[in-house]
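Colleague: As given, the protein sequences belong to chains A and B, one line each in that order. Each residue of the first sequence is one higher than the one before, starting from 1 at the first, in my numbering. Each residue of the second sequence is one higher than the one before, starting from 1 at the first, in my numbering.
Please keep in mind that the hints were generated in silico from the structure rather than gathered at the bench. Warning: the hint list may mix true and false statements.
To be verified - Once the Cα atoms are required to be at most 25 Å apart in a straight line, the calculated BS3-like pairs of lysine-lysine come out as:
(1) 36(B) <-> 56(B)
(2) 36(B) <-> 103(A)
(3) 112(B) <-> 36(B)
(4) 51(B) <-> 36(B)
(5) 59(B) <-> 103(A)
(6) 112(B) <-> 103(A)
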Amino acid sequence: ETGVTQSPTHLIKTRGQQVTLRCSSQSGHNTVSWYQQALGQGPQFIFQYYREEENGRGNFPPRFSGLQFPNYSSELNVNALELDDSALYLCASSPGGQVSYEKLFFGSGTQLSVL
Amino acid sequence: GQQVMQIPQYQHVQEGEDFTTYCNSSTTLSNIQWYKQRPGGHPVFLIQLVKSGEVKKQKRLTFQFGEAKKNSSLHITATQTTDVGTYFCAGVRAVAAGNKLTFGGGTRVLVKP
């Protein structure tokens, strides 16, 4: 167990709806990264938060947004859901943020299905 | 943008045999990490390589970072059924943008008993 928890574990939405996914980082970690993993593919970087500030973003449209709270937990929000947003959404925490050499501790993910 | 490719995409291995999976980046990397994802699970960190030409071993697993820091390999000896899963490499560019890890597509390993 990594100590990174995500909720909910599964979610079904319809096109056009909005969704919020939540992540609690491992104790002592101040950095949270979000990844999208489509079936049979590797995780794709969405964005990273370090001490409540966005610290890098991948090639995802603005309808993917996030927050990090003072306790370092995080939310991923997706607006105007599309069918292609169906995927496993993984949250990963790491200790320090500014260093790109740290290993990631992944949560079990949220499986999102968009119908 | 940066691309990380892994070959083969699938690896069917007889229990007890050895195999190697390869990871290639389109850009020079500052470091590379390897993760294992069991079916239905989440990626779990295995190792990190930082230095050019670095070789690290974990029991039956040997990891290598290329001299040019653009490729890496994972060699597993005497494959066991517990090795089943998808192995991902993930690289960070030498000129990092936002400290993101770029994952390869993974090598899915199936072990035949």
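Colleague: Are there hints from earlier that the structure breaks, and if so, what are their numbers?
Modeller: 6
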